[in-house]
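S.K.: Each chain, written out:
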Amino acid sequence: MGDVKLEAITKRYDEVTAVDDMNLDIRDGEFVTFVGPSGCGKSTTMETIAGLTKPTEGKVIISGRDVTKLPPKDRGISMVFQNIALFPHMDVFDNISFGLRLRDYDAEEIQRRVDHAADVVQLEDMQDRMPEEMSGGQRQRVAIARAIVRNPDVFLMDEPLANLDAKLRVHMRTELQRLHKELDTTIIYVTHDQAEAMTMSDRICVINSGQLQQIDPPLVCYNEPANTFVAGFIGSPSMNFIEGEITNSGFKSEHFSVEFDPKALNVDLGRTVTLGVRPEDVYETTKTEFVDDRTDPISAKTDVLEPMGNEVFIYLLLSEDAEASMDAAKADDQLLMSTDPDSTLGEDEQIEVVLDRNKLHLFDGVSGEAITHGLAPSTADTPEAGTQAD
Amino acid sequence: MTTDTNPQIGIIGLGGIGHHHAERLADQPAELIGGVDISADARESFREQFGVSTYEESDELFEIADAVLITTPNRFHEQYAVDALEAGCHVLLEKPLAHTLESATRIAEAAEAAEGFCMVGFNNRFAAAVEVIKQQQANGRFGDLSHIDANYVRRRGIPGRGSWFTSKEVAGGGALIDIGVHAIDLALYFLDFPEITEVSGATRSQFGTREEYAYIEMWGDDIGPDGFDVDDSATAMLRTESGQTVSLDVAWATNRPTNNEFVLRGTQAGARFDRGSHELTIYEADGTGIDHLTDAEIQTQAVDTHKAELRYFIEHVAAGEQPDQNTVAEGLAVQRVIDAIYRSSEQGKAVSLETETPAAIPSE
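So the protein sequences, as listed, match chains A and B.
Everything in the first sequence is counted per our numbering, starting at 1 for the first residue and increasing by one.
Everything in the second sequence is counted per our numbering, starting at 1 for the first residue and increasing by one.
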């Protein structure tokens, strides 16, 4: 049993609400990742589960037990933090077994558990090493082994890889997934790195301003984001957002339009909406062989090119007076397009692009809540007959 | 009079402050049963003066002690504190909690998991005037506290250069970690340990680094600037989650008069407490009759704060109860501020603590 329930958790500091009415239901054995920008409340939520912070309101239930008032050590949890917290004067065995020795386990049981944990993190032959003799990744594995020996119902990991270099971080990501498979224990993981969240989790819990935005499997968060925040946060580079309004014939923005029947989506005429499209769903008109249902061509001029090796990011300006901005995703007169690495496009070229209608998202312009993901096939007679922006 | 049922206390680190505590233990309902030091000379002099066994290794002491006082140089706090807690002893750890924030965090984690408790030696809390301030604050006399001036400024008072106090590797810092720790602790204590959200600070090394450093007295031998790689003064501003502020001034050496003043500004009243002279004045204004200002001078008994701290520790050891104050969580909060001031000084800008995950701070 290692299910975790948060019931209406609120954590208020004097004037700041760090966590606002959070309800969560995490199942036994799940790998759930809390993501969100700095200060969004993800760490406070984790601390509330751990018992390091007391909620102002609400309940924390672990394995069916109300633990809201229990200290961390009585909650059946083990924590791993980003600060690699090994005692420098103790060898690996003593570090891993510290918690067990404090609880007066007998020597045989301690040895058995340490051997198992060291085996899981692949440090079997290093039990007599001192922390200073080990690499950052090895030390972090010792910290994880220290959490394992306690046989917790739930592991809480707060940015455990943040202090490692990029290469090691990717390696440890795989290690943690293997560990999760092997232990089959609930893991709640906090990170601000959405790539970590996407690759490791059964479900991602996206948090912003202390509020739960969405909790779903990674690809659902990616393909069907609940609102503009999730849409913008998950995915790198970020989704393009274009402000516009609903007209008789669909969506109209300053620089282009997309046709659909507003009645079918049950949206009122004149309603302000935000159209979202990911960079990989923007295509040059010459490269649309894989796009079944596309928008009318949109005129654009290429601006900055960012070759990444496996793809090229191209910043597109939709009007003459558009100025390249750092945040192309949010500018209504810009689009970021991702294209294949052999693209021959250069800077300052006039081109036409289309958007994959099946991959378009519409959000309410005020609340940011999703209205639809993917538009019904175009009803226009020919794709070319659509309304081109003036 | 002491009896066999009194707590059995050991001391680890038999230098000056170890002796200081051992002397004060004599009047307490506790038994000094031994000391630990890696230096044979220190062990011998302690044995001669106090007539108790001394050991090179701490394990032997942990077997017979109920509690230990740790008075080693800062860098060695962690190993002795963690091992003592593991052995089931209660711990009174001299300030600061540790030489680095990471080490302090590990001590806090060990204390959180252990059956015994760890108390931190912020002895100024036990000054009578400080107790008066806290009680008056609890009674609401000050209203809401908005700002604290916290000063621990010596005109000349760098410890012997070449001692562990002036070594970054062993002490973790200079004036800020040695005496600034008291000023930060008292300021946070007056404010009930609020969350600190931003720290802006500067540390300096302007006197200890000089060949011609002029002084009247010095504690310990001096080998000159070669034995000095730490700060000798620090100035900082702290901001709390609710917008309260603390202005901190700390120095081992400055060209200005000594300053031990703590000034509290509340919406209803203020106070000025001198940590050196123990003077306490409360400032109020009233409109009864005619608008007037009142300066109330509070007279208290002079208290030996180290002795009072020991008594408090021993009472809790005897009862087997966690102390409510001088907790390891408070020590860790102070250490976070020290660490933030050093970082702010290094980066030349304010550092925000708001978005950082506090290291595992035991909330109990």
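Take these hints with a grain of salt, some might be off.
[Said to hold, decoys possible] Below are the SDA-like pairs computed for lysine to any residue, each with C-alpha atoms no more than 25 Å apart in a straight line:
id : chain 1 : residue 1 : chain 2 : residue 2
1  : A       : K73       : B       : A87
2  : A       : K73       : B       : S352
3  : A       : K73       : A       : M90
4  : A       : K54       : B       : A87
[Stated by the list, open to error] To give a feel for the contact side, a few chain A residues facing chain B, derived at Cβ under 7 Å:
id : residue
5  : D14
6  : F93
7  : R101
8  : L102
Treat the hints as calculated values from the structure; they're not laboratory data.
Think of the CB as a built atom: it goes at the ideal place given N, C-alpha and C, for glycine as much as any other residue.
S.K.: Work down the list of hints and note, for each, if the structure agrees.
M.R.: So, going through the hints one by one against the coordinates:
1. A:K73 <-> B:A87: 18 Å, holds
2. A:K73 <-> B:S352: 29 Å, violated
3. A:K73 <-> A:M90: It holds: about 22 Å lies between the C-alpha atoms, which stays within 25 Å.
4. A:K54 <-> B:A87: This hinted pair is violated, its Cα atoms lying about 30 Å apart.
5. D14: 4 Å, holds
6. F93: This hint is violated: F93 of chain A lies away from chain B, its Cβ roughly 14 Å from the closest one there, beyond 7 Å.
7. R101: 6 Å, holds
8. L102: Nearest chain B Cβ about 5 Å off; hint holds.
In summary, the numbered hints that this structure violates are 2, 4 and 6.
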